Every structure is written in structure tokens, then in C-alpha cells.
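Undergrad: Could you build all of it, start to finish, from the sequences and the hints given here?
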Amino acid sequence: MIEYIIDFSLVALLVIGFTATIGVITNGIGEKLAGGEGDPESFNQSAKTQVGWNNVGGKSKK
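Numbering of the sequence shown is given in our numbering, commencing with residue 239 and proceeding in unit increments.
All clues given are correct.
Quick list of simulated restraints, FRET-style, between CB atoms:
| no. | residue 1 | residue 2 | range |
| --- | --- | --- | --- |
| 1 | A258 | T287 | 31 to 39 Å |
| 2 | A250 | G273 | 30 to 38 Å |
| 3 | N282 | F246 | 43 to 51 Å |
| 4 | D245 | G296 | 50 to 58 Å |
| 5 | G296 | L248 | 51 to 59 Å |
| 6 | I263 | Q288 | 31 to 39 Å |
| 7 | T264 | W291 | 35 to 43 Å |
| 8 | K297 | G273 | 36 to 44 Å |
| 9 | I254 | N293 | 42 to 50 Å |
| 10 | G296 | E269 | 32 to 40 Å |
| 11 | D245 | Q283 | 49 to 57 Å |
Once the Cα atoms are required to be at most 20 Å apart in a straight line, the calculated SDA-like pairs of lysine to any residue come out as:
| no. | residue 1 | residue 2 |
| --- | --- | --- |
| 12 | K270 | T259 |
| 13 | K270 | I260 |
| 14 | K270 | A258 |
Because the hints were derived from the structure by calculation, they are not lab data. Just so we're clear, the structure is a prediction, and the values are computed from it rather than from any experiment. Each residue gets a CB set at the ideal place from its N, CA and C atoms; glycine is no exception.
TA: So this is what it looks like as C-alpha cells:
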């Protein structure tokens, strides 16, 4: 029974490790091919939308 638990644990660790490694590799390829340069478009749009807004919260400056 202990051999089964050891085998199961090893296979589970290998599957999890392999999946994580493939995810990192795929993410790296995706960033090289499809992006990773310049400012994100959503950040630029948020900055444009918030121009002129009043700051709220925090301590008031006296």
C-alpha cells in the first residue's frame, strides 16, 4: 500500500510540474509573439477617463 502512495505522489508531482512548466513556456512564447511592448491600452484609456477627477479619501491637506 505504501508503494501505491509513493507512486501516486510521484506521478502527481510530475504532472503538476510538467503542467506548470508548459504554462510558463507557453506564456513566454505568447508574450514574444503577441505583446509585451509599450503601455497597455486599458491603462491609457483609464488615465484619459480620470483626467480632472477630484481625489477622494485619505487625509486632507491643510
